[in-house]
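Which chain is which? The protein sequence lines are B and L, in order.
Residue numbering for the first sequence follows the numbering used here, beginning at 1 and increasing consecutively.
Residue numbering for the second sequence follows the numbering used here, beginning at 1001 and increasing consecutively.
Just so you know, not all the hints are guaranteed correct.
With a straight-line cut-off of 35 Å between C-alpha atoms, the simulated DSBU-like cross-links for lysine-lysine are [unchecked claim]:
1. L:K1606 x B:K56
2. L:K1793 x B:K5
3. L:K1389 x B:K75
4. B:K5 x B:K75
With the C-beta cut set under 7 Å, the calculated list includes, among others, these residues of chain L facing chain B [said to hold, decoys possible]:
5. Y1073
6. T1517
7. I1547
8. I1555
9. G1559
10. G1694
11. S1695
12. E1790
13. T1794
14. T1796
15. Q1800
16. I1801
17. M1804
18. P1807
It should be emphasised that the hints constitute simulated quantities derived from the structure, not laboratory data.
These numbers were taken from a predicted model, which means no experiment stands behind them.
By construction, the Cβ of each residue, glycine as well, lies at the ideal position given by its N, Cα and C atoms.
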Amino acid sequence: MSWLKVTPAENVPLREGRSVCIGRREIAIFHLPDGFKAIDNRCPHNLGPLCDGITKGTTVVCPLHGWNINLETGKVLKPDVPVGVTTYPVRVSEGIVEIQLPELKEAVA
Amino acid sequence: MKPRKTKKPHLVLVGNGMAGIACLEQILRYGDMFDVTIFGDETHVNYSRILLSNVLAGVHGFDDITLNPLEWYRERNISLRLGVRITGIDPVARTVTGDDGAVTSYDKLLIATGSHPFVPPVPGLEKKGVCAWRTLDDTQRLLEWSAPGKHAIVLGGGLLGLEAARGLQVQGCHVTVIHLLDTLMNRQLDSTGGHYVQRKMENIGITVRTKCTVRAIHGKERVESVELNTGKILPADFVVVAAGILPNAELGRMAGLEVKRGIVVNDFLETSNPDIFAVGECVEHRGMTYGLVAPLIEQGKVLAATITGNKGPTYEGSSTATKLKVAGVEVFSAGVIEETEPGLDIVRYEDPGLGIYKKLVLKGGHMVGAILVGDTSESGRYMEWIRSKEDLTAKRRNLLIPEPPKDPGASIAEMSDSEVVCGCMGVTKGTIITAIHDRGICTLSQLKEATRASAGCGSCAGTCTALLAAVAPGFEPDGKQVLCGCVPFPEEQLREMVHTQQIRSVQQVLDIYGNGTGCEKCRPALSYMVDMVWCGEHEEDRSSRFINDRVHANIQKDGTFSVVPRMRGGVTSPAELRRIAEVAEKYNVPLVKVTGSQRLDLLGVKKQDLPGIWADLGMPSGQAYAKGVRMVKTCVGSEFCRFGTQDAINTGVELEKRLENLFTPHKTKLAVVGCPRNCAEATVKDIGLIGQEGSWQVVVGGAAGKSVRKADVLVTVASTEEALESAELFFQYYREHANYLERTYDFVERTGMDKIRRETVYAVPEARAGLLDRLRKAKSASYDAWLEREQPKTATQFVQIQPMEAPEEVSYR
Ligand code: SRM
Ligand SMILES: Cc1cc2nc3c(=O)[nH]c(=O)nc-3n(C[C@H](O)[C@H](O)[C@H](O)COP(=O)(O)OP(=O)(O)OC[C@H]3O[C@@H](n4cnc5c(N)ncnc54)[C@H](O)[C@@H]3O)c2cc1C
Ligand code: SF4
Ligand code: FES
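If we strip away everything but chain L, and leave its shape as in the complex, we get:
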């Protein structure tokens, strides 16, 4: 036994999980009263178990979900024993024994051992490739097993099972959920709600089999298939068990405590032994066990008061609310959900077409429960009504009518201080505001650390950020960049999912991973993404394109458009110039201008004149309106210039031909110059080729717009063909890896030139060939957008609608 240096009583915590540590944090608020030792049988510091779902779905990395890093323990002089499982308690000697044999004495013992997965008895469960899902290590294992094309079977269609299914599906697996009962999520939903959820899961590509069990798991050493009770055999590469949880109450039994389903505690969180306390999923309070974080945090607060000698606050049980963390399958459930007792009024709303189901349960004048599927936007309001028991008699007719849309600032101002912002961690608006003021918090991560708000499932991060923005003087946005609130995934991951899930339209991405509607920011970004990933084998959705990309011209301040024909390398001909002049006269074009990019612009053109002008010009689109290849500027080069060392004009024209009509994350401008005098400004272009005696320098990431940035040298090569190919490699790499609206000058700084060189010009031959193949494929699918004049996407693409009937102008009688 370790001799203890100080005289402080020794507090031993068994279980280094969410409830135990949250409780300890509360205990420490009362002062440094204990020497603390923590035993945890996992080998990780305390992390957010809730977010394992997001780790499996690739939204978070393992490092992102840590709640208390090692320093946290160290700074508080906590002795942390990771990887040690407590196997015995002697309540008389007041000691615990670890599986390493060490015996530790305690003055106060806190049991927070959580639960373990319930595993139904199925023959074959011992085979490799079967895993229950509870811990970080389980998650890691599942990530190793999953890969595009693998078959995954999930046993259990509850919250955990559905989140597992979604995560594995995002990893590319074919997932089947097997559920014993008729309807999914039967603990949180009534059968109608369960059917709605099933349809949504099926819509996002997950197979669901209800009223079904697994009779056996087959395979030599590893799982190969599962056999259903119907006799049907399903191929399986691995099986995830998510059939429920059982409290870890064994230690309580050993210590002679009163144990039923869990370790029984009273309203002060005391067990039947005065020196032993318990908190979390392992306890049973007033006949209830809980499997969600918010109640455990409430318990922890009460226990902290009790154990520090401030006994007084009581825990009276929690009304729980849950949300399903599956993007595209919005589910909220709280309180009473079935007509279990007389005197309940049920308010229902259903729209099977839109997949929306709402059910409110009322008792007397107040709300006691709610189910929302497909639209959870009102969940905050309903939860607050349930919590506050507000008398709703006056609002009774309008319960299902959403609050009128208002800007986020106003809705935050209207929230009461007691309203819960973070449902997982039970943090109120008042707590957040106080923390911001008292501790000078200005970022979301600081707020998370100080209050734990948004450390759970993270769905309140938007509200927390809005609160910060409204109240914190030095507010700084932070966190992982997601594409948009409508589709809250980083773009890199969305590209991956679009690819592995074979998603070919913007609407599908929005339905599966987003809020179903999208906005002016994410829809064009997703349009680019599905197009880039599928090289034209996607479903083009013009409603998701900015007007410029619907009519292939740039909209101007008065709603007219500008027309810039392609003039490769800035080279034109008398015939072209004549046609441009004729068009300008024929269509009364208000202004013809030489642009900053070595070509001509016809400005002030009406939408309905566009097809005619393009036909008369007989020149391809210069894409001057597009996030795409603009131009290749050239200087005269060795053909005419006395200093020219390389043929800039022909190289520039060739480069433009190879890349024109392609779309890019942001506009891409290029230039080719014949010598380092750089007359066409190649050093401030997205891609530049600079000729020198016997070689070309290829430079990337230059800018001379909002800011000026000198391009970085990508590579120096001997031949013109190598120079063109290097430019193509970088170009395709940028297309595949940049975020939407990220110009090359930001992209190269974010990515780093070393990495770019390593993955383009210095990449292994297969990787280079891959980039070039995909570029060629995209190129062959591309076309001159102005040809849509002959085959418009829709009859009214360019023309205004002519009304079938005219009004009688009665007001002018």
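Next up, chain B with everything else stripped away, as it sits in the complex:
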């Protein structure tokens, strides 16, 4: 499995999100008290930029119409709709946020 280096951890302030374009994806990276999370930067409601939302615990609230999305599972918690957002494994290694993309996993397998 290979990890992609994204950015120094201090570039994502605590409890905020920032977007990054990696390949064809635009991903929102969040810095929560218990670690970093990564999720596609598009709200399933109307493509709102999730990186601009306020976080509450491990949930982000979309800045456009307030959908609640769990950053760990990608599930929409509010309203009750059976859709979700893709999430990605993230880690911090030597102060650098690193992310794993599915294509890379496939390539290794």
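Dock chain L with the ligands against the given chain B, drawing on the hints supplied.
Okay, now just chain L with the ligands, sitting in the frame of chain B:
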């Protein structure tokens, strides 16, 4: 002796407290069988003693905690003798004697005298400023003594002591808790749990000294200091004794009843005398005395059956559960908490960093006890497991894993009917649902009155409300408005606490008074609050701001932003217009529009272009995105208009300069017009100045948005300076007193114009000067947000992150 009119047997209740009245309510359910007389030595009707903690912490007023108002007694023909203490019982003549000398005969006597505080023998306890804490009067006294900066000593680090400490601290006191043993709450927690709680109490600013006693209390007449066993002297303005309780069993002894620690009762709640019954904290049942409400209510139900001739139900003792009512220090404890017997399995989880400690005690396949510190979200589930003795063998691996998050509706639907919703009063979901259906209940207060659910500590009010919302057809929300479930205090009180406790960041408020995380509703509100209270001397936390206030532009439906530069009074210049045109072309701005507020809007701007555009415009932010000062609209006024009586343009520009860059509870829009023709619509603005011959009318609370409201006249003044100052007074008053997201049109209706005038333009000079000083202070700390283009708060405030590595696009090989 009073002659009795009817032939019904006479029931005398001694003790007008929680257990006695709850039992009487149950007795009355069996019909109108007795003439009832109640003696209570307090001078109040029955109130929730539990909620005294909240009264001390300012969450409830005295009136909010009444359980049975006077009418309740009157409607039931109960003879209520308040302020009378029963001092003697003659079990042979079947009479009781009061301290007023009156003798009353009884057929049945019910003793529900509760307990009294245990006061350890310490020299100096008789001094003024020492108080045990049990009653409403004690609470009132403590509230009188406490004030910001006072030193309070609390003797005893149990539940009551910690709640006292917190209440006094909320009132602004410096509080020290002195506790005899090694660890706090030793009756409810093991020593690890006690240490966690101690750390949390210390984190919220309360000093804790364990393994420590007070050797003496010093002072002339009033308390001045306390001396510890170590010899150390601590300054003290007053001392609260919370060292435990002792049952009031004296009357039982007088009546010759069997008394040990409390008045001994059997499983039917009978004492050793067939005409005398006892219930509540004063009784001892199977060797146990109780100090919590839920068991007393269970006792009352059984006693009601016994005393009304329906003997049958038995009381077999209660497993108790407690929660600490200190926001920010979540503690739950139930059942067996220590490895007291062989064969117990202990499951533990600890996270010292987050201050979370969980301990479950299992016996055979079921749970017999639990301790939760720092996260009590699963307490309902554990309590239900303990109560139902459910076989947990299959769940054994997942005991500590929380239930997956689900919406509140679903979790309510999943609760069984027998699950206890209100732990204090022992009310089940089934009882609540039946009451809602059978009695057409649609508000929380009706539910409280009918079932007593949420009348205790109130922590189940959320679940009760959710049940109402789900089941009651005519559901109406009610109750005191708190900021949010995350920080359950009214905003007015939070402002006070932020001030007196010197809290300067959103996270601190959430840690101390809330659930530690907050949400998109309370975090922006708290951001405003700490900023407003500290006028810039706060810790700005951008993660608690809506995106508009992180990048100082209004987000649009496609994630781009709009840019509205400030154009004071709607006045611009050829140079400004030229720059706006150039910027629009240079950055390919999709749309330039004249707004409804007399200024220009550049729409569809990308986040990363914002700093460049602001620099090129060279104009300050119009705050069109903010809960802040939007604009001052003006008409041409006396400078050009043939009807103008006052100089609207220059007055409007001056007003905008005095208020711009400030934040407000909701957006604030102003207008200044030169005459009552009102061409810039001042009568439908938050604040309007209307010029007339020789004077200005200052109007407030107008609206022409979702609804239309004509502004109310605040004052009419002669000079322009007075008009500006009146506007400033109202503006600052609104900043300090409105709830977050409350526009002036709601604020003036809620507050009332009389009060507003009295506290602004007609206030005493010192009060007016105070408002203006605080406004000036806030103004001098404020700045044009667009200057953050030069000094961004963080390196990535406006720019997207550039990845350090690019992926190989393997899927496209
Ligand atoms: C741009 C503008 C419309 C225009 O093209 O003219 C506008 C645009 C928006 N208004 Fe407005 N309002 C604009 C003038 C007004 C006016 C007229 C005025 O200010 O004299 C009103 C009625 C007066 C008032 O505020 O009471 C007005 C009443 C509202 C309301 C209803 C407020 C209410 O409590 O009744 C909202 C919704 C809200 O605030 O909750 C709103 C909210 C909005 C928002 C911010 C909605 C949002 O949250 O995204 C719109 C942003 C659009 C965007 O994509 O940028 N806008 N809005 C005007 C900007 C004025 C400016 O220069 O700052
Ligand atoms: C600050 C505080 C917080 C608490 N918090 C909780 C909590 O969160 N959860 C919980 O379950 N419990 C809590 N409790 C405990 C709970 O309030 C008591 O368990 C409950 O009130 C006991 O009810 P009772 O009727 O037995 O006694 P009481 O409510 O004390 O009623 C007895 C009444 O009888 C009167 N009386 C006594 N002797 C005489 C006499 N001789 N003549 C006439 N009147 C007399 C007393 O003055 C009193 O008014 C708290 C208590 C306090 C003080
Ligand atoms: S009236 Fe409605 S649609 Fe138009 S700008 Fe205001 S909020 Fe948006
Ligand atoms: S786009 Fe996210 S809630 Fe509408």
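Going through the hints against the structure:
1. Between L:K1606 and B:K56 the CA atoms are separated by roughly 26 Å; this keeps the pair inside 35 Å, and the hint holds.
2. With a CA separation close to 24 Å, the supplied pair L:K1793 and B:K5 stays within the 35 Å bound.
3. Pair hint L:K1389 plus B:K75 holds up; C-alpha atoms about 34 Å apart against a cutoff of 35 Å.
4. Taking the CA atoms of B:K5 and B:K75, the gap is near 26 Å; set against the 35 Å cutoff, the hint holds.
5. For L:Y1073, the interface hint is violated, since its Cβ never comes within 7 Å of a Cβ in chain B; the closest pair sits about 46 Å apart.
6. Given hint, L:T1517 at the interface with chain B, holds; its Cβ is 4 Å from that chain's nearest Cβ, closer than 7 Å.
7. The criterion of a C-beta within 7 Å of any C-beta in chain B is met by L:I1547, whose closest approach is roughly 4 Å, and the hint holds.
8. Against a cut-off of 7 Å between C-beta atoms, the interface hint on L:I1555 holds, since the closest Cβ of chain B lies about 6 Å away.
9. Taking 7 Å as the C-beta cut-off, the interface hint given for L:G1559 holds, the closest approach to chain B being about 4 Å.
10. With a least beta-carbon distance of about 50 Å to chain B, the hint placing L:G1694 at the interface is violated under the 7 Å criterion.
11. This hint is violated: L:S1695 has a C-beta 46 Å from the nearest C-beta of chain B, more than the 7 Å allowed.
12. A hinted interface residue such as L:E1790 counts as satisfied when its beta carbon comes closer than 7 Å to some beta carbon of chain B; here the least separation is about 19 Å, so the hint is violated.
13. At a threshold of 7 Å, the smallest CB-CB gap from L:T1794 to chain B is about 5 Å, leaving the interface hint in force.
14. Hint status for L:T1796 relative to chain B: holds, with the closest Cβ pair at about 5 Å, below 7 Å.
15. With a least beta-carbon distance of about 5 Å to chain B, the hint placing L:Q1800 at the interface is held under the 7 Å criterion.
16. Interface hint status for L:I1801: upheld, as the beta-carbon distance to the closest one in chain B is roughly 4 Å, under 7 Å.
17. With a least beta-carbon distance of about 4 Å to chain B, the hint placing L:M1804 at the interface is held under the 7 Å criterion.
18. Here the hint on L:P1807 is kept, as its CB sits about 5 Å from the closest CB of chain B, short of 7 Å.
The structure fails hints 5, 10, 11, 12 (numbered hints given earlier, in ascending order).
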